[in-house]
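Peer 1: Okay, here's what each chain looks like letter by letter:
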Amino acid sequence: MIDYDLQLKLQAHLDGELSPAEARGIQARLARDPEARALLAELTATTAALADFEDGRRLPESREFFWSKIEREIHRDASSASPSAALPWWAGWRRWLVPIGTAAMVALAGLMATRPGLAPEAEAELADPGAFTYRDYTARTTLVWLSYPAEKEFPADDGSDTMD
Amino acid sequence: MRLRMSVEASAAWLVCALVCIGLGEGKLQAADAKLKLEAQLIWATTDHQSPDPSHKPVDADILKKLQDLPLKWTNYFVVNRKIMEVSTVGPVKMAMSEKCEIEVRHVGNGTVEVALFGKREPLVKRTQSLPKGETLVLGGNAPNATAWLVVLKRLE
Amino acid sequence: MTEKDHSSSEDPALVRAAQRGDMAAFEELVARHRDKVFARAFSMVRNEEEAVDLSQEAWVKGWQRLPQFLGESSFGTWITRIIINLCLDHLRKQKRQRFESIEAMDEESGGVERQMPVVTPNPTVNLERQELRKRIDQALGQLSHEHRTVLVLHEFEEMEYKEIAKTMGCSIGTVMSRLFYARRKMAALLANLRRDDLT
Numbered sequence: 000m001i002d003y004d005l006q007l008k009l010q011a012h013l014d015g016e017l018s019p020a021e022a023r024g025i026q027a028r029l030a031r032d033p034e035a036r037a038l039l040a041e042l043t044a045t046t047a048a049l050a051d052f053e054d055g056r057r058l059p060e061s062r063e064f065f066w067s068k069i070e071r072e073i074h075r076d077a078s079s080a081s082p083s084a085a086l087p088w089w090a091g092w093r094r095w096l097v098p099i100g101t102a103a104m105v106a107l108a109g110l111m112a113t114r115p116g117l118a119p120e121a122e123a124e125l126a127d128p129g130a131f132t133y134r135d136y137t138a139r140t141t142l143v144w145l146s147y148p149a150e151k152e153f154p155a156d157d158g159s160d161t162m163d
Numbered sequence: 000m001r002l003r004m005s006v007e008a009s010a011a012w013l014v015c016a017l018v019c020i021g022l023g024e025g026k027l028q029a030a031d032a033k034l035k036l037e038a039q040l041i042w043a044t045t046d047h048q049s050p051d052p053s054h055k056p057v058d059a060d061i062l063k064k065l066q067d068l069p070l071k072w073t074n075y076f077v078v079n080r081k082i083m084e085v086s087t088v089g090p091v092k093m094a095m096s097e098k099c100e101i102e103v104r105h106v107g108n109g110t111v112e113v114a115l116f117g118k119r120e121p122l123v124k125r126t127q128s129l130p131k132g133e134t135l136v137l138g139g140n141a142p143n144a145t146a147w148l149v150v151l152k153r154l155e
Numbered sequence: 000m001t002e003k004d005h006s007s008s009e010d011p012a013l014v015r016a017a018q019r020g021d022m023a024a025f026e027e028l029v030a031r032h033r034d035k036v037f038a039r040a041f042s043m044v045r046n047e048e049e050a051v052d053l054s055q056e057a058w059v060k061g062w063q064r065l066p067q068f069l070g071e072s073s074f075g076t077w078i079t080r081i082i083i084n085l086c087l088d089h090l091r092k093q094k095r096q097r098f099e100s101i102e103a104m105d106e107e108s109g110g111v112e113r114q115m116p117v118v119t120p121n122p123t124v125n126l127e128r129q130e131l132r133k134r135i136d137q138a139l140g141q142l143s144h145e146h147r148t149v150l151v152l153h154e155f156e157e158m159e160y161k162e163i164a165k166t167m168g169c170s171i172g173t174v175m176s177r178l179f180y181a182r183r184k185m186a187a188l189l190a191n192l193r194r195d196d197l198t
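Protein sequence lines correspond, in order, to chains A, B and C. Mapping to numbering that gives the first Met the number 0: the first sequence position 26 is 25, numbers consecutive. Mapping to numbering that gives the first Met the number 0: the second sequence position 61 is 60, numbers consecutive. Mapping to numbering that gives the first Met the number 0: the third sequence position 197 is 196, numbers consecutive.
The hints are simulated quantities; they were obtained by calculation from the structure and are not laboratory data. Certain hints may be false.
Claimed, not checked - Listing some non-contacts, in silico: residues in chain A with all C-beta distances to chain B over 10 Å:
(1) 11
(2) 13
(3) 17
(4) 23
(5) 29
(6) 31
(7) 50
(8) 59
(9) 62
(10) 79
(11) 135
(12) 138
(13) 139
(14) 144
To be verified - With a straight-line cut-off of 30 Å between C-alpha atoms, the simulated DSBU-like cross-links for lysine-lysine are:
(15) B/131 / B/63
(16) B/131 / C/35
(17) B/71 / C/165
(18) B/131 / B/71
(19) A/68 / C/60
(20) B/71 / C/92
(21) C/92 / C/35
(22) B/63 / B/124
(23) B/71 / B/33
(24) B/98 / B/81
(25) B/152 / B/81
(26) B/152 / B/118
(27) A/68 / C/35
(28) C/161 / A/68
(29) B/81 / B/118
(30) C/92 / B/63
(31) B/55 / B/35
(32) B/55 / B/98
(33) B/92 / B/63
(34) B/81 / B/92
(35) B/152 / C/92
(36) B/55 / B/118
(37) B/124 / C/60
(38) B/63 / B/81
(39) B/152 / B/33
(40) C/92 / C/133
Think of the CB as a built atom: it goes at the ideal place given N, C-alpha and C, for glycine as much as any other residue.
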């Protein structure tokens, strides 16, 4: 069986995503490997089958009805964006707003930085681009999954066991 | 030009300044505190027991968290468990098994940088806030359709 | 005064007119591109009612953002990108994403697609176009939303890997592995559907 890296390269070759040098390498491999040719043929056939797939689908509402909904929504958004001529109710409190607002923002920032229980910010710098992150906010658990194969699936298997 | 602020506005600015100072001090304290963490190396399987009798099933709280994740395995066994104290001074590196090492650094304010190594090769690095109650799980495939997991959580 | 007949105008002219506030010109653009926009929404969200609602939202947003359309791409491409982003936001918000993640995890962690035997002969050969479309529709519905999305963006929207990665907020490696899985799963599903038909 051809390894996963080659499988993805065959796909990338089909999609025109390889550099010229890589593409030449794949061509050479295809010339001598029937398994690689078969896989490429399958990928090509799937792509061909999907071509023009969406062409036949029609929106199930009449032109006039669909447009009437859009037009109504456009007019509604336009009228809600109009500014009011009257002064806002808070106009008289302006001299308090800056100091009180600033204090509130600083207090909130402090709370966010020191209080446990809020959703943490997370960054991942990944050695492996195949890592997949899943976050369960209720259980407060973050899963980072590395999606490459287990050791024994590598061709150069030295018989060694797993990570334990 | 107005050279005088009203008494009320001055008081509001004073409150603002006091809040800033108070939070600044709190932040300094949080920044350099030591964090006590627990790392567990876990084997995930659909088998009812591990071939190694020293591998015990995970605790109920960890089991619940793992069962809530979108993982296909049903049984989890603790291969190794380590406690570590990490500070902002430098990273702490520990071997979880012959081939698996974990390196953790406290970058400040309860945020940790976690790096995992497999056979001394870097696998993944992640920076994340880890307050009490928060759990970080790093995982990957193992042979025979099983998996390995490293579960990291704060102890205090 | 009679209303101008926009039906014979080209898209760029309609866009310019709509940007000047001509709603009738915009309505003509809607009529021309509404099926394509709906089809893309349906491919992604797999629910007719949601696809119609999202399409409507896309058109309203299209009107609001018309001043920002500079003609660097065709109008059809531009409005399709709006619906794609709306669908992606919609899918992210949906609670059923959790269960699709289970499926995605199961597939990605099991490495199923790497070990599947190659499907031969081509299961889609000799199928009538309509029949093929029906089978593909069924097969698409069985993919997780993440795999379906990457397939739609690549095969229908003809985006490059880099662009898909940026749109979906993931790495190029993830795009490649998801696309590979989606294609192999589609081939297997189409083969199974064909076999079911023959038994």
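Peer 1: Could you check the structure against the hints above and give me the numbers of any it violates, in ascending order?
Peer 2: 11, 12, 13, 14, 16, 23, 28 and 37
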